[in-house]
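Note that the sequence shown covers residues 1480 to 1718 in the working numbering.
If you are wondering where the hints come from, they were derived from the structure by calculation, not from laboratory data.
Just so you know, these numbers come straight off a predicted model, no measurement behind them.
For glycine and all other residues, C-beta sits at the position ideal for the given N, C-alpha and C.
Careful: at least some of the hints might be erroneous.
[As the list claims (entries may be wrong)] Calculated pairs, DSBU-like style, for lysine-lysine (alpha carbon to alpha carbon, straight line, at most 30 Å):
#1 LYS1630 x LYS1656
#2 LYS1630 x LYS1519
#3 LYS1702 x LYS1519
#4 LYS1702 x LYS1656
#5 LYS1630 x LYS1541
#6 LYS1630 x LYS1702
#7 LYS1656 x LYS1701
#8 LYS1519 x LYS1541
#9 LYS1541 x LYS1701
#10 LYS1701 x LYS1519
[Unchecked claim] Estimated spans, in silico, between C-beta atoms of each pair:
#11 GLY1562 x ARG1497: 15 to 23 Å
#12 HIS1525 x ARG1497: 50 to 58 Å
#13 LEU1609 x ARG1544: 21 to 29 Å
#14 VAL1610 x GLY1698: 18 to 26 Å
#15 ARG1497 x ALA1715: 25 to 33 Å
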Amino acid sequence: MAEAPPVREQDLGSELDRIEWAVDHGSADLSSLGFWRLVKRVKLSHEAVARYGEQIGRIDTKAFRRGVTTRFPVWVGNAVLTGGVLAGVAAVALAGRVSPPVLKGLALVGAGAIWAVSTHCLTHWLVGRLVGIRFTDYFLGERPPPRPGLKTDYRSYLQVPAERRAWMHASGALATKVAPFVPLFFWSATGAPVWSAIVLLGIGATQIVTDVLFSGRSGDWKKVLRERAVAREVEALNE
């Protein structure tokens, strides 16, 4: 039976106290403070999660809200993105009603683009809530173009098994990749031109290729790989 690596509880607690003091006094860079290194250790122990999860969640929320100014309540973000999903439905309906082929095509492509944006965080939220993860804020990312993001409540995040955390991260990425292909099911019925189907296929293919090339090093798939690695470590320690 593998032995868990020794965790010096006193050191872990004092380090978290140091980091929280720094955040309370203006720092928002948790990486430079060594916060995520400590979080990785805590993830490997249910006892450590129970003991330090609340403080970790508190520190993470403080740093996030200090560093991100454009934030919205979760219900507001969900309402706006649900409106986006409905707008995509309306665009598909419009594609079936208007006469000019170019408008049919633009409406169908618009539906795919709208759904690719609006379903991402909604799916994170839905799957996260199903597995027990809560969320604190919606926010707008700083890198152009600005896209909505969803902030986890890190205490609840740690309390959920790593494999379920991985599924939460994967869900939004999968929704975004599927979304551009959904309007293709309505393409024939709407009478939209061929170029609209080609554009939708191109959008979906581009997103998939981008994920394969880059997302394993950043974004949702990086987090999926990280949490699956944590799951394997926890399993090995408990054998």
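Here is what the structure says about each hint:
no.	hint	verdict
1	LYS1630 x LYS1656	holds, 21 Å
2	LYS1630 x LYS1519	holds, 18 Å
3	LYS1702 x LYS1519	holds, 12 Å
4	LYS1702 x LYS1656	holds, 17 Å
5	LYS1630 x LYS1541	holds, 12 Å
6	LYS1630 x LYS1702	holds, 14 Å
7	LYS1656 x LYS1701	holds, 16 Å
8	LYS1519 x LYS1541	holds, 19 Å
9	LYS1541 x LYS1701	holds, 24 Å
10	LYS1701 x LYS1519	holds, 15 Å
11	GLY1562 x ARG1497: 15 to 23 Å	violated, 44 Å
12	HIS1525 x ARG1497: 50 to 58 Å	violated, 24 Å
13	LEU1609 x ARG1544: 21 to 29 Å	holds, 26 Å
14	VAL1610 x GLY1698: 18 to 26 Å	holds, 20 Å
15	ARG1497 x ALA1715: 25 to 33 Å	holds, 30 Å
Comparing the model with each earlier hint shows violations of hints 11 and 12; every other hint is respected.
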